[in-house]
Every structure is written in structure tokens, then in C-alpha cells.
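*Asks:* Sequence order for the protein chains is X and G.
The first sequence begins at 1 in this note's numbering and counts up one residue at a time.
The second sequence begins at 1 in this note's numbering and counts up one residue at a time.
Keep in mind the hints are simulated off the structure, nothing from the lab.
Hints may be right or wrong, so weigh each one.
To be verified - Straight-line C-alpha distance at most 25 Å; calculated DSS-like pairs for lysine-lysine:
| hint | chain 1 | residue 1 | chain 2 | residue 2 |
| --- | --- | --- | --- | --- |
| 1 | X | 171 | G | 106 |
| 2 | X | 59 | G | 175 |
| 3 | G | 62 | X | 59 |
| 4 | G | 175 | X | 171 |
| 5 | G | 106 | X | 38 |
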Amino acid sequence: MINPEQKLNPKIFDNDIEQLPIRKGFGEGLLIAADKDKRVVGLCADLTESTQMHLLRNKYPERFIQVGIAEQSMVSVASGMAAMGKIPFITSYAMFSPGRNWEQIRTTVCYNDRPVKIAGSHAGISVGPDGGTHQAIEDLALTRIIPNMVVISPCDVIEAKKATIACAETKFPTYIRLAREKTPIITTENSPFEIGKAQLVFYPTKNERAEIGIIATGALVYKAIKVANELEKEGKKIKVLNLSTIKPLDEDAVWRLAHEAGAIVTVEEHQIAGGMGSAVAECLAKNYPVPMEFVGVKDKFGQSGTPDELLEYYGMGEKDIKEAVKKVLLRKK
Amino acid sequence: MRSTTPLTEEKTKILFEKAHAIRQSIIEMLIEAKSGHTAGPLGMADVFTYLYFHALKHDPKKFDWEYRDRLILSNGHICPVLYATMAHAGYFSLSELKTLRKFGSKLQGHPHREFLPALETSSGPLGSGLSQAVGMALAERIDFGQTSGKQIVCLTGDGELDEGQNWEAIMQAGKEKIQNLTVFVDRNNIQIDGFTEDVMPLNPIADKWRAFNWHVQEVDGHNFRALDGAWTQALSVFDRPSVIICYTIASKGIPEFERQYQWHGKPPTSPEEIDIARKALHIVRTMGGKIRGEHE
Numbered sequence: 001m002i003n004p005e006q007k008l009n010p011k012i013f014d015n016d017i018e019q020l021p022i023r024k025g026f027g028e029g030l031l032i033a034a035d036k037d038k039r040v041v042g043l044c045a046d047l048t049e050s051t052q053m054h055l056l057r058n059k060y061p062e063r064f065i066q067v068g069i070a071e072q073s074m075v076s077v078a079s080g081m082a083a084m085g086k087i088p089f090i091t092s093y094a095m096f097s098p099g100r101n102w103e104q105i106r107t108t109v110c111y112n113d114r115p116v117k118i119a120g121s122h123a124g125i126s127v128g129p130d131g132g133t134h135q136a137i138e139d140l141a142l143t144r145i146i147p148n149m150v151v152i153s154p155c156d157v158i159e160a161k162k163a164t165i166a167c168a169e170t171k172f173p174t175y176i177r178l179a180r181e182k183t184p185i186i187t188t189e190n191s192p193f194e195i196g197k198a199q200l201v202f203y204p205t206k207n208e209r210a211e212i213g214i215i216a217t218g219a220l221v222y223k224a225i226k227v228a229n230e231l232e233k234e235g236k237k238i239k240v241l242n243l244s245t246i247k248p249l250d251e252d253a254v255w256r257l258a259h260e261a262g263a264i265v266t267v268e269e270h271q272i273a274g275g276m277g278s279a280v281a282e283c284l285a286k287n288y289p290v291p292m293e294f295v296g297v298k299d300k301f302g303q304s305g306t307p308d309e310l311l312e313y314y315g316m317g318e319k320d321i322k323e324a325v326k327k328v329l330l331r332k333k
Numbered sequence: 001m002r003s004t005t006p007l008t009e010e011k012t013k014i015l016f017e018k019a020h021a022i023r024q025s026i027i028e029m030l031i032e033a034k035s036g037h038t039a040g041p042l043g044m045a046d047v048f049t050y051l052y053f054h055a056l057k058h059d060p061k062k063f064d065w066e067y068r069d070r071l072i073l074s075n076g077h078i079c080p081v082l083y084a085t086m087a088h089a090g091y092f093s094l095s096e097l098k099t100l101r102k103f104g105s106k107l108q109g110h111p112h113r114e115f116l117p118a119l120e121t122s123s124g125p126l127g128s129g130l131s132q133a134v135g136m137a138l139a140e141r142i143d144f145g146q147t148s149g150k151q152i153v154c155l156t157g158d159g160e161l162d163e164g165q166n167w168e169a170i171m172q173a174g175k176e177k178i179q180n181l182t183v184f185v186d187r188n189n190i191q192i193d194g195f196t197e198d199v200m201p202l203n204p205i206a207d208k209w210r211a212f213n214w215h216v217q218e219v220d221g222h223n224f225r226a227l228d229g230a231w232t233q234a235l236s237v238f239d240r241p242s243v244i245i246c247y248t249i250a251s252k253g254i255p256e257f258e259r260q261y262q263w264h265g266k267p268p269t270s271p272e273e274i275d276i277a278r279k280a281l282h283i284v285r286t287m288g289g290k291i292r293g294e295h296e
């Protein structure tokens with residue numbers, strides 16, 4: 001059942017659940033952050049409306065820097081602004097930032113330990129028709145391996161807004177992963193959010209001991225909850241964690257879930273290698289090894305298609321999550 | 001404080017002396033470290049001396065003084081000259097220079113401000129410094145409009161201009177008409193693989209910057225009066241960023257090493273090389289033995 005303390009959207013299992021792009025929450029959150037703190041500035045590489053930074057640009061044009069199609073310079077310009085006391089947010093598509101400008105992020109932001117916030121829009125395979133060149137499925141790996149970096153992958157538009165506001169208040173370099181497509185809104189304004197904290201969104205009715213733990217991040221949290229709900233009807237006892245912060249990892253929550261359930265399935269719209277599942281595996285391998293299955297992209301590039309077509313083709317559909325659950329349960333026994 | 005008076009004959013002489021003391025420190029650091037870059041640091045010793053001992057507004061006793069000018073070293077590999085100049089200016093003791101490139105040292109092989117907070121930035125991977133300088137200037141403009149009292153100075157190599165990111169930043173600075181940004185390019189014509197015009201031709205280097213709407217000056221990078229004239233002019237330009245292309249001699253001060261790209265990335269190591277370097281600098285430093293050198 002849905003954890004009532006999470007105050008999730010009561011219409012979560014309805015077919016007509018409202019959907020909005022996760023990136024929209026970033027734009028709204030950035031405007032709120034800018035209202036609250038005049039040190040907040042925005043930089044964009046010729047994708048201002050697409051990445052939703054136009055809200056900040058329209059209200060605070062003097063705090064907006066258009067850098068043109070120059071992602072490498074953009075992040076270093078932001079680093080310079082941070083050195084002078086600003087809290088810069090930079091946006092582009094995740095494929096170009098942190099994709100193209102990775103070394104500049106490493107050296108001028110993280111090595112310098114400056115509070116630049118990197119919002120990578122259009123992340124994941126669900127960008128769809130644009131094709132494989134524009135589908136960033138390596139960005140979590142790229143960012144989480146850099147010291148000092150915080151990595152957040154919000155599950156919906158509301159969580160993206162909260163994450164954006166929250167990260168403006170920390171001194172850490174931060175990567176926020178955003179999806180382009182409309183995504184079901186599963187949280188509400190009242191749902192808890194804290195950087196570095198995993199949220200238990202689903203647990204067995206009657207509070208029984210879970211026999212399987214699903215850890216999901218980003219837009220696929222919705223599918224993970226749906227699958228858990230269906231499998232519960234078949235008698236499976238499942239807990240689902242929404243792991244919106246990939247780094248620092250909520251090791252305590254991950255370890256406890258593995259200890260209770262004895263089997264873990266991770267679900268993410270990202271390469272399996274180096275992604276959220278890998279972060280979970282690193283944690284469990286040293287603390288409490290249990291059988292794991294990874295739902296994600298299996299060392300492949302994407303291609304054009306509708307988001308659902310692609311998620312199914314590349315093994316991240318609801319069917320794949322169910323199969324992973326069944327497989328890991330067999331391995332457990 | 002930033003000096004507003006022109007260089008006097010007397011001050012020029014002091015800078016000349018200081019630059020040679022810094023060159024001697026650089027050579028001793030490199031000999032001790034057994035690795036590091038020789039050509040760039042020796043070639044830029046005069047520019048660094050001019051900036052730290054005449055041009056810039058800064059306070060070695062209070063490195064984080066809010067109103068200081070900002071110096072961003074983009075070509076981090078020439079950091080021996082930065083470290084030596086900072087030590088001579090009083091940021092830390094001269095004795096620390098011998099720890100260059102050693103474990104736990106403030107003086108990392110390429111600059112890292114976590115180890116030496118007085119640095120404005122960490123650098124090494126080429127081509128990122130100018131973007132940061134542009135960002136600093138833009139942040140200043142948000143806070144102070146055109147009235148910022150801080151000068152943002154960025155030092156780059158010439159070979160470094162091969163990096164495309166520089167041209168992104170050069171374009172941005174031109175677009176924004178940033179007035180308190182000055183770039184000093186070390187035009188020594190060498191890079192690791194050879195002469196710049198063989199590896200990747202940069203000429204017409206001045207025209208390139210001009211085409212991006214910069215105020216361009218070309219000077220002898222070893223002539224303090226020329227540097228002072230260019231800096232003074234750069235300060236007076238209010239509608240665009242300035243670049244001062246400094247023609248320098250790689251490994252300046254050691255005739256046997258001068259102008260040779262082979263000395264880009266290595267220190268003197270053999271007893272013969274060490275002897276040549278020490279003798280050459282000693283001769284200049286002591287005016288041919290007429291005065292006492294700092295390292296004697």
C-alpha cells in the first residue's frame with residue numbers, strides 16, 4: 001500500500017492522473033529560489049524556454065546570462081560567478097551538460113568546490129523522437145563519480161521544484177536530472193523531501209516484513225509503484241524506495257531495506273553501468289550483500305521512438321520490472 | 001594598493017631585481033622538485049613581477065580581502081612563477097617553495113586552491129580560466145554595474161588558445177563589452193610538441209582577438225615600461241575587454257635554454273643543466289658579481 005505519511009497524490013493509480021514535464025518544476029523552483037535569494041543567477045546555452053529558465057529570465061533579466069551554444073564555457077563562467085558569491089544555475093540538455101562539459105564541471109566547479117547547480121534537461125531515453133544523440137543515459141554515472149558533487153534525480157514536477165529550491169540553499173556543487181516528457185505527478189506539495197534522504201513510498205499492507213525491495217529513481221518511480229501495487233494483489237510483499245538523491249546515498253535506508261527484504265531490484269532510466277543501481281550495489285556489497293536485479297539500459301545507445309516504445313524496447317517497462325522482481329525472488333531462494 | 005603612478009626609473013630597477021630573484025627561486029624549486037615546467041615560468045617572470053609588485057590591488061596579509069583585483073592563472077602548468085611571485089610578495093614563506101610538487105604541499109603540481117586558498121582558482125586543464133574570469137566580471141556587473149572597482153586579470157598561454165573553450169569565452173566577453181577584464185597572453189611561440197605556428201598556427205593572433213571585439217595591444221613582455229603603458233591603456237578602455245599579447249622569450253634568463261620548446265615541460269636535471277641554469281641566473285641577478293644574490 002501507499003505509505004500514507006508520504007501524502008502522495010490520491011489519484012496515483014487512476015488512468016487520468018495528471019502529468020507534467022519534470023523540467024517545468026525546475027523552472028518554477030528556480031524562480032522561487034531567485035525570489036528568496038538575490039545571489040541566485042541563471043545561465044543558459046540557447047535553450048532557455050526548453051529548459052524552463054525563461055521564468056527567471058523574464059522576471060530578473062539582469063540575473064540571466066545567455067552564453068550561446070557554449071556549454072563548456074557556460075559552466076566555467078558559472079564557476080567564476082560562484083567565486084564572486086553568486087549561486088549560479090546552468091541549464092542545457094543533459095547530453096551537453098554534464099555530457100560535453102564534464103571536465104570543466106570536474107575542474108572548475110567540483111575541484112574548486114564552488115556551488116554551481118547544473119540542471120540537465122531532457123535526460124533519459126524518454127526524450128524519444130530526437131533519437132540516441134540526445135538521450136543522456138550516462139549522466140548519473142558522469143556526475144556521481146566526481147568528489148563534492150550532489151546528484152539528485154527527482155521523480156516528478158513537484159519533487160523537481162522542491163529539489164531546485166533546496167539545492168539553492170546548500171553550498172555544494174549539484175546536478176539535477178530532469179526529464180522532458182510529461183510524467184505522472186505522484187507527489188504533492190505536502191510530500192516530504194530532503195536532499196540525501198530516500199523516501200519509503202510503498203510498503204506491505206498490515207506492515208508485514210517485505211520480501212523484496214524496489215529502489216527507483218526519476219520518472220520510473222511511478223512505474224515501480226504501479227508494479228508493486230499489482231504484485232501486492234498477487235500476494236507479494238514489497239517495499240518501494242524513491243531514491244531521489246543518488247549522492248550522497250541514503251546508505252541507512254538502502255541497507256535497512258536490503259536487511260529486511262533480502263533482495264533488491266533497482267529501477268532507473270539510465271545505463272545500468274555506473275548509475276543509481278551501481279551506487280546501491282556498491283553500498284550493499286560492503287554492508288549487506290543480497291541478490292540484486294538491475295532495471296535500466298543494458299550497454300546500448302537509444303534511438304527514435306515514443307517514450308513508451310523505447311522504455312519497453314530497452315527493458316524498462318512495467319513488464320521488465322515485474323520480471324526483475326520474480327527473478328530476484330528466485331535467486332533469493 | 002593598485003599603483004596609479006607611472007613607473008619611475010627607480011621602480012623599474014626594483015622590478016628588474018625582483019624578477020630575477022623570482023627566476024632564481026623558480027629554478028631552485030624545479031631542481032628540487034625534479035619535474036615541472038621551465039620555459040613558461042621563466043618567460044612570464046617579468047609579467048608576474050609587474051602585476052604583483054606594481055599593477056594589482058591586493059594584500060598578501062589578507063588574501064581574501066573583498067576588494068582585491070582577481071588574478072586567474074589559466075595555464076596552470078606555469079604555476080612555479082605564480083608560487084614564487086606570491087612567496088616573494090609575502091603570501092607565504094620563501095622556504096615553502098622547496099615543497100613544490102611534494103606530498104601534502106600547498107604548492108601542488110598544478111594549482112589547487114583547496115591546498116592554497118589564496119589562489120583565485122584551480123587550473124591545469126587548459127582553456128577554462130578565461131571563462132571563469134568572464135564569470136567573475138559578470139558577477140561584478142550584476143552587483144556594481146559599470147562601477148566595479150576590481151580588475152579581473154586572466155593569464156593564458158599562446159598554445160593554450162588551441163582550446164576551443166577560449167573562443168567561447170572571448171566571444172562572450174566581446175558580446176558583454178566587459179570593461180574590467182584584461183587578458184595577458186604569453187606569446188612565447190612554443191608548446192609541448194613544437195613551435196605554435198607548426199603545431200597549430202595562431203597568427204594573425206592580434207586580428208583574431210580584434211575580430212571578437214576586444215581592445216588589442218602587443219608588447220614586449222620583458223619590458224616593464226611597455227607593460228605599464230599597455231596596462232594603463234587597458235584600464236582606460238571602457239567599452240570592451242582588453243588583451244595584452246606579451247611577446248616573451250621562453251626560458252628567459254638562461255641563454256642556453258631560451259626559445260627552445262624542449263624546455264616547455266621539464267626541469268634542469270643533470271648536473272650540467274643545473275650548473276648552466278644557476279650560473280646564468282646568478283650572473284644577471286648579481287649584475288655580473290657586482291652585488292650579492294638573494295640565494296647566496
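*Asks:* Are the hints correct? Go through all of them and say.
*Replies:* Cross-check of the supplied hints:
| no. | hint | result |
| --- | --- | --- |
| 1 | X:171 - G:106 | holds (23 Å) |
| 2 | X:59 - G:175 | holds (22 Å) |
| 3 | G:62 - X:59 | violated (38 Å) |
| 4 | G:175 - X:171 | violated (30 Å) |
| 5 | G:106 - X:38 | violated (34 Å) |
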